[in-house]
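Since the structure of chain A is already known, use the hints to place chains B and C on it.
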Amino acid sequence: CGFHLRGLGGPLKPLPFSTMYLEASGKGIESDLRTVFARDPKLTVMSAPKGAQAVVSVVSENQSKDILTINTGGRINEYQLTYTAVVRTVIGGVPVDPDMVVTVRRSLNYSDNQVLGKQQEEDLLWADARRDAAEQVVRRLAYLKVPAAPLAGPASVKPDAVPQP
Amino acid sequence: EQADKTKPIEITSDNGCTMEQTKGVSTCTGNVVVIQGTLRLNADKVVATQDPQGNQTLQATGRIVTFRQKLDNNSGWIEGQSSKLDYDSAKHFAVLTGNARVKRNGDLVIGNVITYDTQSEVYQVMGGGANAGKGGRTTVILQPKNTASQPAAAKPAAGAAAQ
Amino acid sequence: DDEEPPIAVPAPPKEPGQTVVHADDLDGEMNVILHAKGNVVVTRDDQKVESDWLDYYQNKSRVKAGDRFRMTRGGDVITGTTLDYNVDTYSGTGMDPVFSMARQNQTAAKPAPGAQPAKPVTLRGDGSQVDFQGQNQYRVYGSRMTTCDPGDEAWYLKSSRTDLDYNAGVGVAHNAWMQFYGVPILYSPWLDFPLNSNRKSGFLMPTFKTGSSGTEFSLPYYWNIAPNYDATITPHINVKHGNMLAGEFRYLQPDYSGRIYTEQLPKDKLTDQSRYAWSANHAQNLGNGLAFGMDFNQVSDNNYFTDFGDQVAIASNVNLNREVWLNYARAWQGGGGNVTLRAQRYQNLTINPAPGDIPYAKMPQLTFNANQSLPAGFSANLISDLTRFDHPSLQNGERLVLYPSVSWNFDRSWGFLRPKLGVNYTHYNLDAFGANPSNVQTRTLPIFSTDAGLYFDRDTQFLGRDHLMTLEPRLFYVNIPNNKDQLSLPQFDTSLNDINFAQLFTENRYSGYDRINGANQITTALTSRFIDQSNGLERLRLAVGKRFYLKDDVTQTVNQPSSDLLLSAGGDLTREWRFDSSYQYNQQLGMTERYNAQLRYNPAAGKVASVRYRYGRYEQLDNSNNFGPMRQVDVAAQWPIARRWYAIGRYNYSFIERKPIERLAGFEYNDGCWSLRMYSQRYVTDPTTTKNAWFFQLELKGLGALGNNGVQDTLRLAVPGYTKINE
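Protein chains in written order, with the working numbering: chain A, 1 to 165; chain B, 166 to 328; chain C, 329 to 1055.
Chain A on its own, in the form it takes in the complex:
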């Protein structure tokens, strides 16, 4: 029925760069991103921006927990957990606009008399949302429109532009 193992039967959509630096220190999604990047054998993640073809930086991440359902007793029955990450990519010193925004939602069934247990269940869902967001980020990176190579003029002489996070 036309299905093939990813990367074996048909071409795998390549990333528009082969070396990159990930700038996401202090961000929850960093380790998930590194795990997904590690799956691509043709990609090397550098330890410093110098010499990296592309710099991917997690500009911001946000976790908001909002009431989704209230029962007729006026108590919360479900929370909606919304994880959002904003990722900025600079390829060959030229930033790709607009920034990539990834949003992942999970719903958490809640009850007030299990507050300790529900706290850990919530952490489990946040971790799952971050893993999901990391996969979406890497997948969408492959579809980025690579900005035109910088003009041959003085601009290209510019040293490797390191974006300020």
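No wet-lab data here; the hints were simulated from the structure. Hints are supplied without guarantee of correctness; some may be wrong.
[Said to hold, decoys possible] For lysine-lysine, the following DSS-like pairs were computed, each having C-alpha atoms within a straight-line distance of at most 27 Å: (1) C:K879 - C:K812; (2) B:K172 - B:K256; (3) C:K1019 - A:K65; (4) C:K342 - C:K388; (5) B:K235 - C:K342; (6) C:K935 - A:K65; (7) B:K249 - C:K365; (8) C:K537 - C:K568; (9) C:K365 - C:K342; (10) C:K748 - C:K812; (11) A:K13 - A:K42; (12) C:K537 - C:K595.
What follows is chains B and C alone, placed relative to chain A:
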């Protein structure tokens, strides 16, 4: 300076001067240069008269009449230009007419007619109405006072920068 | 003299501090005084004065101008009758001023975190007299001000005296009357408001609230102590409960920041007792990986939020967190670890709670988690937790949990395999409780799990565009040989997790460590995604999952051959349409356990409509532990109904009890320099009582909002996708 009045007047000109002793009027034309003490005046035509009491009046005309004189107790120079200059030494009163300009230590006054009392330093500038030169407007440009007595002087510069 | 006469006496070069005067006629005495008459124009640096006549006292740098004057300073334009002004000190007085201040505030203090840059707003108005007090300060007597465009007389702020300080970015109006189309709608002895600055935004005007928690009138006073300290003191006059004082103190430093908030009501008219609320949080970075934090919330009595809170406050404040923690985190080559020491005790607000309603306190808790990657894809991780659990009426004791494990990671583009083996050692020191004396319990359980999955792709057409369709089968096998029922173990922080896709792929069906299920089970799941080939966005995701139990779990009283069946489908189908749904089939009873479906249409900002249906066979209906079926529909919309008019509405109805849970209706009107938001809300606070609340908010462009400020949160929650229309 006030002392200039006591100095002899020396007038040189290309076409020389004609004297009429009875009325004490002498008229000189052609690049006339009048020097009296620190006062120096250039004009195309100068008519100088002296009355029996020794008061001199002077009328200089030309495409451009210019004069320059040192101020008392060395507080700088005064210079000016106009199409016509009338000066009465008794009343120490000068009238510059036509594109008149007077500059005193960097402060400049521009107008159609400028009257200036060299002793009291009182001046008046007339625009001369709409049809006069420059639309009948007068202008004064005052330099910032950078003398020590003016502490505020430094401040506006700073103020200006922070606009 | 048509052609230009020669210039023998050139004008001096332009330089700062130079004053240039143009006029029809001039006279004066050099260096002493200058009189200019007729269309006078004086310029000096960024100051310019135009007037009919003008006297300039040079030695005193003082300017007097008259009959009519017009002064421009930077972006500000002030006209009036007479002016007496010192050009050096930028100070003086102007009579009958009409002003328009359009300056950008260059010296705006550090913006509050997350505030966007200030939008330039022109403040225009008039007064009886204006005092210039330096380069960035004005004081206007008998002033009338607005931010509406000239000709738009919508509202004016009248006051006996207004101080505009563009350095601090704050304007203060004294004896202020707010006039709206000529009708005075509000008086206040003093009102301060922002001047383009990012400080605490919003016009701290009095707010007005009414509803079942009584009619309330509050007057905030913002105190701008220092660039990174500010305080807001707000007296509340509440007709039903009496006068309350609220205070908020915020501090923001490079290494630490925090907020302390309190509401104090010395004597409540109804209950005749003192009522208060405290909320303090603090976060501090102590350097090289060490961080300290505190989150403290306390109220005087269990009914506090029911009496004073809004819907969100009532629903979400059942357990008030009171927690202090110290955390040390360190990363090293190929791994990292962190240690946390925490003390936590909740304040429970349930009315006559059952023992189970009150959560255990952790006095204290020490956790140490670490992971280290090893060669050949292996990695070791450790979870450890030592906690002292206290409870007023249940079993107290200490618990130590050590859970070291080793896992192997095989990750390829086409699939992954992750076996993991660990041992969970748990040790309890239980205090004497009821009949049994203090005793020690231990439990040691080996845990083996393997996660495996494959990724299949194919190109396909979906919604008329090229998509990549994926098929992702996944297996998760867990084996925990456990034949003890653990009933003798207490339940400190354990609860049964609700089944969802994330929970299907965890080793333990319980959260917390007091219960570990005996397991020989295999979870199977299949996920399919439709990925837009133009930008990589996931348009639709379908998933089905189920867990098969090969052996009974000794910790369960009733065992089933397999778990409930889970189905889910959802995604951003197009830029405007979003669809979400999930379904859970109860294997044991052979009927539907839960399902919900949501559709949202959001073509543009300010235009959104959504409908959501939720069904649950056996849900918790309120806090007194009675359960039953739940069937709800939730319709919400924000939609423009006419030019400048927007309607907002929400209707959340429960079919089982046949009564609405929340109804909200209202409108928003935006007229350029002001916008009005008005709506009413009826919501359920417990099975028998419904409360209503009226919201009124008049927002004045550039100055902020009059009316209760909780408006935005309520709307954001009520109408998913709600956006403020005058943003």
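Taking the hints in turn, this is what the structure says about them:
For the hint pairing C:K879 with C:K812, the CA-to-CA distance comes to about 14 Å; that is within 27 Å, so the pair holds. Note on B:K172 and B:K256: the hinted pairing holds, with a Cα-Cα distance of about 17 Å set against a maximum of 27 Å. Of the pairs offered as hints, the one joining C:K1019 and A:K65 holds, with about 24 Å between alpha carbons and a cut-off of 27 Å not exceeded. Pair hint C:K342 plus C:K388 holds up; C-alpha atoms about 22 Å apart against a cutoff of 27 Å.
Restraint check for B:K235 and C:K342: satisfied, since their Cα atoms lie roughly 25 Å apart, inside the 27 Å limit. At most 27 Å may separate the alpha-carbon atoms for a hinted pair to count; C:K935 and A:K65 meet this at roughly 23 Å. Of the supplied pair hints, the one linking B:K249 and C:K365 holds, its CA atoms being roughly 24 Å apart against a limit of 27 Å. Between C:K537 and C:K568, the direct Cα distance comes to roughly 12 Å. Compliance with the 27 Å bound is thereby established for this hinted pair.
Under the criterion of a C-alpha separation no larger than 27 Å, the hint pairing C:K365 with C:K342 is consistent with the structure, at around 24 Å. Note on C:K748 and C:K812: the hinted pairing holds, with a Cα-Cα distance of about 23 Å set against a maximum of 27 Å. About 12 Å separates the Cα atoms of A:K13 and A:K42, which keeps this hinted pair within 27 Å; it holds. Annotation: proposed proximity of C:K537 to C:K595 holds, straight-line Cα distance about 20 Å (limit 27 Å).
Every hint, counting from the list given before, is met by this structure.
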